[in-house]
Structure formats: C-alpha cells, structure tokens
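**Q** Those sequence lines, one after another, are chains A and B. To convert, note that position 4 of the first sequence is 4 in our numbering; the numbers rise steadily by one, no gaps. Numbers given in our numbering equal positions in the second sequence, counted from 1, plus 400.
Quick caveat, the hints were computed from the structure, so don't treat them as lab data. Don't take every hint at face value.
[What the hints assert, rightly or not] For the chain A half of the interface with chain B, some residues (derived, Cβ under 10 Å), not all of them:
| no. | residue |
| --- | --- |
| 1 | 12 |
| 2 | 126 |
| 3 | 152 |
| 4 | 165 |
[Claimed, not checked] In silico PhoX-like pairs for lysine-lysine, Cα to Cα no more than 20 Å straight-line:
| no. | chain 1 | residue 1 | chain 2 | residue 2 |
| --- | --- | --- | --- | --- |
| 5 | A | 148 | A | 137 |
| 6 | A | 233 | A | 392 |
| 7 | A | 163 | B | 406 |
| 8 | A | 143 | A | 393 |
| 9 | B | 446 | B | 429 |
| 10 | A | 358 | A | 58 |
| 11 | B | 406 | A | 167 |
| 12 | A | 167 | A | 316 |
| 13 | A | 148 | B | 429 |
[As the list claims (entries may be wrong)] Counterexamples of contact, computed for chain B against chain A with all Cβ distances above 10 Å:
| no. | residue |
| --- | --- |
| 14 | 441 |
| 15 | 462 |
| 16 | 467 |
| 17 | 479 |
| 18 | 481 |
| 19 | 490 |
| 20 | 515 |
| 21 | 516 |
| 22 | 531 |
| 23 | 533 |
Model, not experiment: these values are computed from the prediction. Glycine included, C-beta positions come from ideal geometry on N, C-alpha and C.
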Amino acid sequence: MEQNFQHLYDMLSQVQGFIYPNELDLQWGLLIVLYPYITGLVAGAFILASLERVFNVKVLGPTYQLALLTALAFLLVATMPLVSHLGHPERFYEILMTPHSTSAMAIFGFVYLWYLMVVLLLEIWFDYRQDIVIWSKETKGFKGRIYKILTLGVTDLSPSTIKWDDKIGYFITVVGIPSAFMLHGYVGFIFGSIKANPWWSTVLMPVIFLFSAMVSGIALVLFIYMAVSFFRKQKIDMPALDSIAKFLFYILVIDFTMEGLDQIHRIYEAEESFEILFLLVHGPLFLTLFVFQIFLGTVVPLISLGTLQLYKPSEKIRKIIYLSCSLLVLFGIFFMRWNVVIGGQLFSKSFYGFTGYKLHLLGSEGFLFSIIWVIIPFFILAFLLWLLPPWKKVGQHENN
Amino acid sequence: MPPQLKRLIPLFAIFIFLFLAARSFLVPKSFGEQGHYRFNSIAENKEKAMIYAGKEACDDCHSDRIQEMETDLHKGISCETCHGPGSAHIANPDSIKPMIPKGRDFCGMCHSLNPSRSKLVHQVDLKEHNVTENCIECHNPHLPCQMKK
Chain A
1 MEQNFQHLYD
11 MLSQVQGFIY
21 PNELDLQWGL
31 LIVLYPYITG
41 LVAGAFILAS
51 LERVFNVKVL
61 GPTYQLALLT
71 ALAFLLVATM
81 PLVSHLGHPE
91 RFYEILMTPH
101 STSAMAIFGF
111 VYLWYLMVVL
121 LLEIWFDYRQ
131 DIVIWSKETK
141 GFKGRIYKIL
151 TLGVTDLSPS
161 TIKWDDKIGY
171 FITVVGIPSA
181 FMLHGYVGFI
191 FGSIKANPWW
201 STVLMPVIFL
211 FSAMVSGIAL
221 VLFIYMAVSF
231 FRKQKIDMPA
241 LDSIAKFLFY
251 ILVIDFTMEG
261 LDQIHRIYEA
271 EESFEILFLL
281 VHGPLFLTLF
291 VFQIFLGTVV
301 PLISLGTLQL
311 YKPSEKIRKI
321 IYLSCSLLVL
331 FGIFFMRWNV
341 VIGGQLFSKS
351 FYGFTGYKLH
361 LLGSEGFLFS
371 IIWVIIPFFI
381 LAFLLWLLPP
391 WKKVGQHENN
Chain B
401 MPPQLKRLIP
411 LFAIFIFLFL
421 AARSFLVPKS
431 FGEQGHYRFN
441 SIAENKEKAM
451 IYAGKEACDD
461 CHSDRIQEME
471 TDLHKGISCE
481 TCHGPGSAHI
491 ANPDSIKPMI
501 PKGRDFCGMC
511 HSLNPSRSKL
521 VHQVDLKEHN
531 VTENCIECHN
541 PHLPCQMKK
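With the rest of the complex left out, here is chain A (with noise of 0.2 Å):
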C-alpha cells in the first residue's frame, strides 16, 4: 500500500493546477503514436502507387511495386503498437468475434482486414501473378516452393489471362483508393469523434489525417527508393524522383492549409477551451509542435522543396535534398501524430490543469519496445524485396 502512494506522490509531482483524478495517467502512450503514425504510412504509400496506375502518372513507374510492398510491410505491423499496448495481447480478437456499430475500434478491425486482404494483397498478387508463374518454373528449392505456393495455382499464362490480371488488378486499384481514404480517415475518425477532448474533436481531422498520410507515405516511398538504390548500386530514376517530390510538395501544401486552417478555426471560434489550448501549445507541445512538426518537418521541407520547383540544381545537390526532405517530413509527421495523441491527453477536461508525460526507456510502453514495431517493418520489407523483386519483373501491367 505504501507504495502505491509514493507512485501517487510521483504522479502528483508532474501535475499543474486542477485535473481530475483520472487524468493523472496518460493512458495512451508512445504506442498510440505510432498506430495512427504507421497507418499513415500504409496510406500514403498506397495512394502514391495509385496514382501511378489509375491517374496515369507514368514518369513514377519505377517506384509502382516498391510502394506497393512497402504499403504491405508496414500494414502487416500496423495493428501490432495496439495489440501490444493491451493489458491482454492475447485476447485481442474479441474485438472482431463481437463487434458493435457503435464501437469504432471494432470496425476498424474489419476496415483492416477488407484492406489487407482484398485490396493490397489481391492487387500485389495480380500485379506479380505473370512473374511468379514463371519465377515457380525457373527457381529451385525452397524459395521455388513458395512461389508455387503463391501461384495458387493459377499457371495460366496465356494473352487472356494475363489481360484479366492486368483488368481485375486495375479495378482493384480503383476500388483500393476509397479503401485507403477509408483505412486512414478512419483513423482520424476515431480521434476526431471524441467530442469530450477540444483538441481531437474536430470534423477535419480525419481530412488533416489523410493528407498527413499521404505526406509520410510518399516522404516513406522517397526515401526507401533512394536507400534501395544504394544499396543496389543503381543509378536513381532521377525524373521519378522528381516528381516524387513534386507530389510531396503538392501535398505539404495541402496538409499545411489544412491544418493551419484547423488552427485559424479554432483560434477565431476561441471557445471556452482556448485558453487551456494555448497554454498547452505554448508550454508542454512547444518543442513537439511548433520546432519538430512545422518549422522543421513542415516549413524547411516546403521551403526546399517548393525552390526546386522554380530552380533545378545539380543532380547530386538534389538527391541530398530529397533525402534530407523526406527524413525531415517523416520526423515531422511522427511529431504531429504525437502531438495529437500525448497533446489531446496532458491537459484536464476542468481546463484548469495539466498532467505530465513522461517517456520511459524500457518495459512494455517503452521507448525500445516501441521502436521495435518500426525497425520490423523494414526487415519485412527486405524480405519482400527479396522474394518478389520489382527489379526482375517481366510483366509491366498496361496503363489503362
């Protein structure tokens, strides 16, 4: 018992002014960062690859698959920063045996599913269906086994057939550009609802969400293109990874109006929450939101970026930019969604106090823990790479 009050008299210690009793703890932790953050990733990428194949922006080819799987392996990990901030990891698909409408964690697992399953996996397997058929004859061994596997057993590869891939992988992808939008705003959804905290409870927020995700998916997508180059030793595309830019830029500019008019809203509209507001972006979110998340995930990106649209430098002086550009966008993007998740939580529903936040190095919401469901993205990615290599494909789906 003794202890538990000193953990109490800790905990009261990082308290300013009034809260109520229940909000000494922040419940939601750095994992719950990394939820809407990871999602966004899955999105933005997603949707970068769309554009390539629906909106007929051919100059992004050599990056198609590579979004594609890098989407995958980010969606493969991105329920497992929820699953692992439970009390009981074990029991988590009690969500999906009894759902209910008017819980929106429940119908996130199935908005997961429905996009897991029917959209990237379907589309990934139609796109690389004509290769793996003829990887399963010419490969030996295990890796052979799983190609054959993955044919399904479809190994047909006459003109027809290879048409229907490439038509059933078209309209998924039509349908694919909904789901992502879903899969996303969906997450800004679920904080966005939350009409007792004024600073997640705004109907733009799923919008700021979305387009948030498409920054961090196409910065994801810059940068991985680069690294994979690297270290295949090949010469970069140089006009997808301008224009890769070009969509990032574009995109910022949204993001940026749209969040700055979320701001301007909610300073005009100044309601009774403003002031505990303004205190909290000028105390505790200072470093997080106005150093990390706009001026150097946002403006110093927009900056760079939008003068390369006027005025084109060497090659080599651009790839550092556009390497800097996304590590700093990614950065800033990871700032915003921990400015919305730890922000939305440090001050009291009296408007007359705050609790702290303190990030831990180690146990289960610890910072080593939580970094884990960041690095393994990376290594899925490898794998994928190495087992359905973009780079060996013979069959390049029509632009239709």
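With the hints as your guide, set chain B onto chain A.
**A** Relative to the frame of chain A, chain B by itself:
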C-alpha cells in the same frame, strides 16, 4: 470467368467460412443474453472477494472510534480512506493489521496548499507549517481539532 477468379472466390469463401466457424466457437456462451456483453461476467464479479469493507463493518469492533470521530471535522472521511482496504483485517483482526499512514505527505494529499482546491478544506503550506514534526505529533488524526500538544 477468368481462371484467377475461379481460384480466388473459393479461397475467400473458405476464409469467411473459417472466420464464422471460429466465431461460433470463440464467442462466450452467455454473450448477448441480456445485452451486448457476457452475461456470466456479472455472476463472476459477484463472487470476487471484497477488498474494501465500508465504515459500517468497522463498527463491530471499533465503535468507540467511530463515535469519537463523529464529534469532529474528519467525520465525513471513511476509515478506509486513511487506513486502506480493511476486509482482510476484519477476517483476521489479530494477524493482519491495516496500514497506518504517518507521513506529512499523506495529510498533504487533502490539506496541502492548492489554489484550485475548495476553500472549505483548510489548507496549510507543507513547506512552512511546523516542518520539523509529523502532523500527527500535534494533531489527533481522528479528532483533528484536538491538539496532542
């Protein structure tokens, strides 16, 4: 029909079937009986051992203390607020003793100076109010207005 779909449609059908089959095993028996929850959980929770006993339960043996407290300002505070959960103590009064909070911080949880706290609860600055001694050296915790010294 394209050969791909001939393969995929049965595969998805199997997947959905497996999901439904798993669901029929995994949904607990009493789920949905009285609403969107597992009805048996109510009976299970009722069986749980009590941890807090309530002020009335102390009356059997400490009635003098309770009557005494009625006369002073701490009367609104239940015994277990300060002494912690008491069920185990009631079952074994001689071997299990409730906690007795002695530190200054403890009284400070309700009495330390805090501008957002109601003025109805008297507050002292813990850094100034008789710092060298424990609160209970002077104040009787059960009869706070009565001074020991």
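**Q** Is the nearest CB of chain A more than 10 Å from the CB of residue 441 (chain B)?
**A** 12 Å, holds
**Q** Within a Cα-Cα threshold of 20 Å, do residue 406 (chain B) and residue 167 (chain A) meet the stated pairing?
**A** Answer holds: residue 406 (chain B) to residue 167 (chain A) is near 15 Å, not above 20 Å.
**Q** Does the interface hint hold: is residue 152 (chain A) within less than 10 Å of chain B, judged Cβ to Cβ?
**A** Constraint on residue 152 (chain A) satisfied, holds at 5 Å.
**Q** Find the nearest Cβ of chain A to the Cβ of residue 516 (chain B) and say whether that gap is larger than 10 Å.
**A** 3 Å, violated
**Q** For residue 515 (chain B), which was marked as not at the interface, is the minimum beta-carbon distance to chain A over 10 Å?
**A** Not fine: 8 Å to the nearest Cβ puts residue 515 (chain B) too close to chain A.
**Q** Holds or violated: is the Cβ of residue 533 (chain B) farther than 10 Å from all Cβ atoms of chain A?
**A** Given that every Cβ of chain A is farther than 10 Å from that of residue 533 (chain B), nearest at about 20 Å, it holds.
**Q** Against the 20 Å threshold, does the CA-CA distance of residue 163 (chain A) and residue 406 (chain B) hold or violate the hint?
**A** Distance ~16 Å between residue 163 (chain A) and residue 406 (chain B) Cα, so the pair holds.
**Q** Non-interface claim for residue 467 (chain B): all C-beta distances to chain A beyond 10 Å?
**A** 26 Å, holds
**Q** Is residue 143 (chain A) close enough to residue 393 (chain A), meaning Cα to Cα at most 20 Å?
**A** Judged against 20 Å, a Cα distance of about 16 Å means the pair holds.
**Q** Against the 20 Å threshold, does the CA-CA distance of residue 148 (chain A) and residue 429 (chain B) hold or violate the hint?
**A** 42 Å, violated
**Q** According to the definition I'm using, a residue is off the interface if its beta carbon is farther than 10 Å from all beta carbons of the partner; does residue 490 (chain B) meet that for chain A?
**A** Per Cβ check, residue 490 (chain B) is outside 10 Å of chain A; nearest 16 Å; holds.
**Q** Decide if the proposed pair is consistent with the structure: residue 167 (chain A) and residue 316 (chain A), CA atoms, cutoff 20 Å inclusive.
**A** Not OK: residue 167 (chain A) and residue 316 (chain A) at ~39 Å, beyond 20 Å, violated.
Of the numbered hints listed earlier, those contradicted by the structure are 10, 12, 13, 20 and 21.
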